[in-house]
Amino acid sequence: MSKDLVFHTTAVSASARALVKGQKPAVIWLTGLSGAGKSTIANALEQALVEKGRHTFLLDGDNLRMGLCKDLGFADVDRVENIRRVAEVSKLLVDAGLIVITAFISPFQQDRAMARDVIGPDEFVEVFVDTSLEECERRDPKGLYGKARAGEIKNFTGIDSAYEAPTNPNIRINTVEEDLAVSVNRVLDYLDKRSAQ
Numbered sequence: 000m001s002k003d004l005v006f007h008t009t010a011v012s013a014s015a016r017a018l019v020k021g022q023k024p025a026v027i028w029l030t031g032l033s034g035a036g037k038s039t040i041a042n043a044l045e046q047a048l049v050e051k052g053r054h055t056f057l058l059d060g061d062n063l064r065m066g067l068c069k070d071l072g073f074a075d076v077d078r079v080e081n082i083r084r085v086a087e088v089s090k091l092l093v094d095a096g097l098i099v100i101t102a103f104i105s106p107f108q109q110d111r112a113m114a115r116d117v118i119g120p121d122e123f124v125e126v127f128v129d130t131s132l133e134e135c136e137r138r139d140p141k142g143l144y145g146k147a148r149a150g151e152i153k154n155f156t157g158i159d160s161a162y163e164a165p166t167n168p169n170i171r172i173n174t175v176e177e178d179l180a181v182s183v184n185r186v187l188d189y190l191d192k193r194s195a196q
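Residue numbers 0 to 196, in numbering that gives the first Met the number 0, belong to the letters of the sequence shown in order.
Simulated from the structure, these hints should not be mistaken for lab results.
Among the clues, some could well be false.
[Said to hold, decoys possible] Below, a list of computed lysine-lysine pairs in the DSS-like style, where the Cα atoms sit at most 27 Å apart:
1) 51 with 90
2) 90 with 69
3) 192 with 23
4) 153 with 141
5) 23 with 51
6) 20 with 51
7) 146 with 69
8) 90 with 2
9) 69 with 153
10) 192 with 90
11) 90 with 20
12) 141 with 69
13) 192 with 51
14) 90 with 23
15) 192 with 20
Just so it is clear, the structure is predicted and the values come from calculations on it, not from any experiment.
Could you put together the complete structure from these sequences and hints?
The structure is reproduced here in structure tokens:
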């Protein structure tokens, strides 16, 4: 970064923006294997929050890789940069007073810790969508596991690239044992308790 850059503080603070929206901003960081149910939960959660009058924005891994991150591949260095970009965008949206929902594999513990540091520990809510590799392969909604097993896709998380499970997530969801409505309600309850603090 250039030494000539200067951060400009805006006249309206992040807390003032949150006050106008009547909510406590947060980033709900959904992490888990491909096919775990992150996007399904993210969409249902956003719908539930909007129905409650909350101001939200959903950042989905595939969508960002078609735009902001389309120059990145799937080597480890690209995955790190992908998550860094997502964290920076999430921070901007939190500063705007929004509840941000992210749905990214984000396979590396160090990258999720970096995202927490960028966003801020008080705004970062880690949700581990803890679905087994076997179940994700059984679901395989995009046909990616089959391609990875056939050698058509390299650096695929869970097959030939590691997934480091969160050791202490704020919320752990098992999509095999818990239905979607229950999972969404658990996140909503967590956010309600957090807002009351």
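Hint check:
Between residue 51 and residue 90, the direct Cα distance comes to roughly 23 Å. Compliance with the 27 Å bound is thereby established for this hinted pair. A hinted pair counts as satisfied when its Cα atoms are at most 27 Å apart, and residue 90 with residue 69 qualifies at roughly 20 Å. Between residue 192 and residue 23, the direct Cα distance comes to roughly 11 Å. Compliance with the 27 Å bound is thereby established for this hinted pair. Between residue 153 and residue 141 the CA atoms are separated by roughly 15 Å; this keeps the pair inside 27 Å, and the hint holds.
With a C-alpha separation of about 13 Å, the suggested pairing of residue 23 with residue 51 holds against the 27 Å cut-off. Distance check on the hinted pair: residue 20 and residue 51 sit about 12 Å apart at the alpha-carbon level, within 27 Å; holds. For the hint linking residue 146 to residue 69, the alpha-carbon distance of about 21 Å falls within 27 Å, and the restraint holds. For the hint pairing residue 90 with residue 2, the CA-to-CA distance comes to about 22 Å; that is within 27 Å, so the pair holds.
With a C-alpha separation of about 17 Å, the suggested pairing of residue 69 with residue 153 holds against the 27 Å cut-off. Restraint check for residue 192 and residue 90: the C-alpha separation of about 22 Å stays at or below 27 Å, so the hint holds. Taking the CA atoms of residue 90 and residue 20, the gap is near 17 Å; set against the 27 Å cutoff, the hint holds. Between residue 141 and residue 69, the direct Cα distance comes to roughly 19 Å. Compliance with the 27 Å bound is thereby established for this hinted pair.
Straight-line distance between C-alpha atoms of residue 192 and residue 51 comes to about 15 Å, which keeps the hinted pair within the 27 Å bound. Annotation: proposed proximity of residue 90 to residue 23 holds, straight-line Cα distance about 14 Å (limit 27 Å). For the hint linking residue 192 to residue 20, the alpha-carbon distance of about 18 Å falls within 27 Å, and the restraint holds.
Going down the numbered hints, you'll see the structure goes against none, and every one checks out.
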